[in-house]
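For the record, the sequence lines run as chains C and R. Numbering-wise, this note's numbering comes out as the position in the first sequence, counting from 1, plus 1. Numbering-wise, this note's numbering comes out as the position in the second sequence, counting from 1, plus 54.
In silico EDC-like cross-links for lysine to aspartate or glutamate, where the CA-CA straight-line distance does not exceed 16 Å:
1) Lys283(R) x Asp55(C)
2) Lys600(R) x Glu469(R)
3) Lys519(R) x Asp55(C)
4) Lys452(R) x Asp423(R)
Hints in this document: simulated from the structure, not taken from any laboratory. Since the structure is predicted, the reported quantities are computational estimates derived from the model, not experimental observations.
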Amino acid sequence: MKIQYFALLRDITGKKEEDWPQPEATVGQLVRDLVAHYGHAFERWVMKDGDLWDLVIILVNGHDVRHMQRFNTPLAPDDTVVIFPPVGGG
Amino acid sequence: MYGWIGKVLRVNLSTGKISTEALDPAVAKDYLGARGLGTKFMVDEVDPKVDPLSPENKLIFLPGPLTGSFAPSAGRYTVVTKGALTGAIASANSGGTWGPELKFAGYDAVIFEGAAPKPVYLWIKDQTVEIRDASHIWGKDVPGTSDAIRAETDDDAKIACIGPGGENKVLFACIMNDLHRAAGRSGTGAVMGSKNLKAVAVVGTGAVTCADPKTFERAVMTARDMIQKHPVGGTGLRLYGTDVLTNILNSIGAYPTKNFQDGHFPTADKLGGETLSATLLQRPKGCFSCIISCGRVTKVTNPKYAGEGEGPEYETSWGFGGDCMIDDLEAVTKANFICNEYGLDTITMAATIACAMELYDKGLITREDTGGLALEWGNAEAMVEATRLTAIGEGFGKKLAVGSYRLADSVGHPELSMTVKKQEIPAYDARAIQGIGLNYATANCGAAHVRGYTIAPEVLGTPMKVDKDTIDGKPELVITFQNLTAALDATGSCLFATFGIGAPQLADMLSAITGVAYTAEDFMKCGDRIYNLERQFNLAAGLTAKDDALPPRLLQEPIKTGPSAGMLSRLPEMLPVYYQLRGWDENGVPTPAKLGELGLAA
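Take these sequences, add in the hints, and give me the full structure.
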């Protein structure tokens with residue numbers, strides 16, 4: 002699947018996007034594997050108390066997982082996952 | 055009085071009479087200041103049917119009771135008038151340092167009446183107030199005006215002024231202060247130009263008093279802590295500015311593209327805050343008492359678009375960018391610099407060019423009409439030149455100077471103008487985000503995102519996440535955000551403070567500084583009162599429920615590509631519920647019971 006990173010996550014991963022070859026059943030599993038790969042800095046900006054931080058925007062094919070099954074949202078190999086740490090403006 | 059100064063400065067530009075009067079404490083209590091107090095003056099003193107560009111319109115500059123204090127991000131002032139672009143109540147606020155300086159000089163408001171027979175500026179040094187000749191400054195841009203006035207007044211003078219845009223009465227001209235900050239929307243600068251008022255220069259050596267300093271200090275430190283701990287207010291805005299929204303809105307398919315013909319722009323990342331920070335950004339910058347620092351000090355070295363200044367904000371980047379199918383951030387930033395230097399609202403300027411590009415694309419205007427300008431989608435050079443021509447009032451720029459509604463109407467296609475109340479819709483697609491569309495339709499100043507910023511809950515998830523796709527609960531949400539924002543604006547605080555604090559914290563700071571006890575409910579009721587008074591002004595001006603409408607495109611033409619493909623605004627389902635919850639009748643008129651509840655009954 003394809004993963005796109007924005008804001009601070011680009012600095013933390015050193016990437017704008019990547020093809021993630023490993024199969025992931027859910028968003029939660031993917032995020033935990035990304036934390037294992039990129040470390041504490043990634044976890045700090047995506048998770049809170051072991052769960053998805055409410056201010057983090059994770060989109061699967063453009064749809065916000067906070068209105069699906071959050072970390073239990075299922076993933077398919079050809080999905081595009083977009084991750085924004087908490088940012089905003091106006 | 056505490057918090058408030060207790061004094062209003064009145065300047066009749068027709069007669070040259072300058073006077074002061076006491077601020078009525080009861081009015082201050084109910085309307086707070088800035089947007090609220092200015093609206094009260096307009097309703098009491100101005101015939102709502104007046105021509106906005108006539109001497110009978112008034113132009114009022116107002117800080118709020120928190121302005122100039124050390125409350126976090128409370129450095130703002132508001133300009134209230136009847137909008138040149140909209141014919142509706144206008145209340146555009148701006149940061150920087152000008153608002154606090156006016157407070158230090160000793161005023162809660164400066165009311166300009168009439169029109170000067172020749173160009174003038176107002177020079178305020180505490181209690182000394184002079185109308186001075188500005189004939190030699192007329193025609194100068196904003197930096198030139200600021201330098202010239204400082205040279206003949208005081209090196210430390212804070213300047214709010216118009217550029218050639220306001221002088222030429224471009225209907226979306228703004229008032230600039232501190233060089234780069236704008237009281238941006240609805241054509242406040244055109245009203246100032248119609249009064250031959252080039253600038254207001256201020257030096258103040260006084261202070262803002264506080265009723266209960268210890269309690270105020272505790273309330274301020276609590277609010278500061280909450281803002282700084284919030285990841286958006288404390289970190290995100292400083293690192294990336296508001297333009298970080300580009301990729302978010304584009305990724306969810308809510309990034310209006312090609313004059314709202316679509317909601318997704320494939321190369322939007324080239325315009326986003328991440329790219330801006332990595333390329334043109336020199337440093338972040340904050341306004342008076344700001345702990346956020348969202349401002350972008352930027353520099354373009356490419357000779358083609360070279361310049362230095364501030365910006366772009368998200369809405370500017372979007373307007374000159376994706377809405378025109380342009381992904382050249384240097385060109386976008388150059389257009390932003392031109393607007394700041396000449397005093398034009400970037401949102402309306404950009405969206406008017408996008409509309410003109412669609413008219414050009416459809417053959418409704420030709421290259422002959424544009425004076426040879428190839429206004430093709432994605433033509434960055436033509437976009438920058440169109441901005442420049444509007445700024446200097448030449449060629450096709452004269453046709454753009456009336457905004458997109460009048461431009462599209464002049465060729466028989468007003469439906470191609472993406473406006474509400476003739477004011478251009480900003481950078482969030484109402485087909486993909488239901489609540490913001492209802493806010494656009496019902497914003498008293500015409501389409502604006504900063505009247506009820508439901509993007510915070512509908513997209514970002516703060517203070518809670520709600521589903522952007524549904525209309526359930528949206529009328530309640532919009533009303534809450536509109537009322538909160540009206541009260542917040544009236545204090546002189548920045549909207550971005552609400553990335554961290556809400557009505558309880560604002561009420562605590564307001565109570566401590568003024569000595570008037572406000573609960574969170576009182577505070578929200580002030581916002582409701584201000585909102586309804588603005589509505590009363592608009593209804594008396596001749597606006598009706600028919601003006602609470604989105605362009606037909608957003609109701610009939612679904613988004614074509616991206617994650618929100620197929621979506622439309624469901625405004626017609628939400629609007630009746632909104633009216634009912636507001637306490638308005640089916641025609642959008644506040645009921646006598648509602649007016650009585652707010653103390654607005656005749």
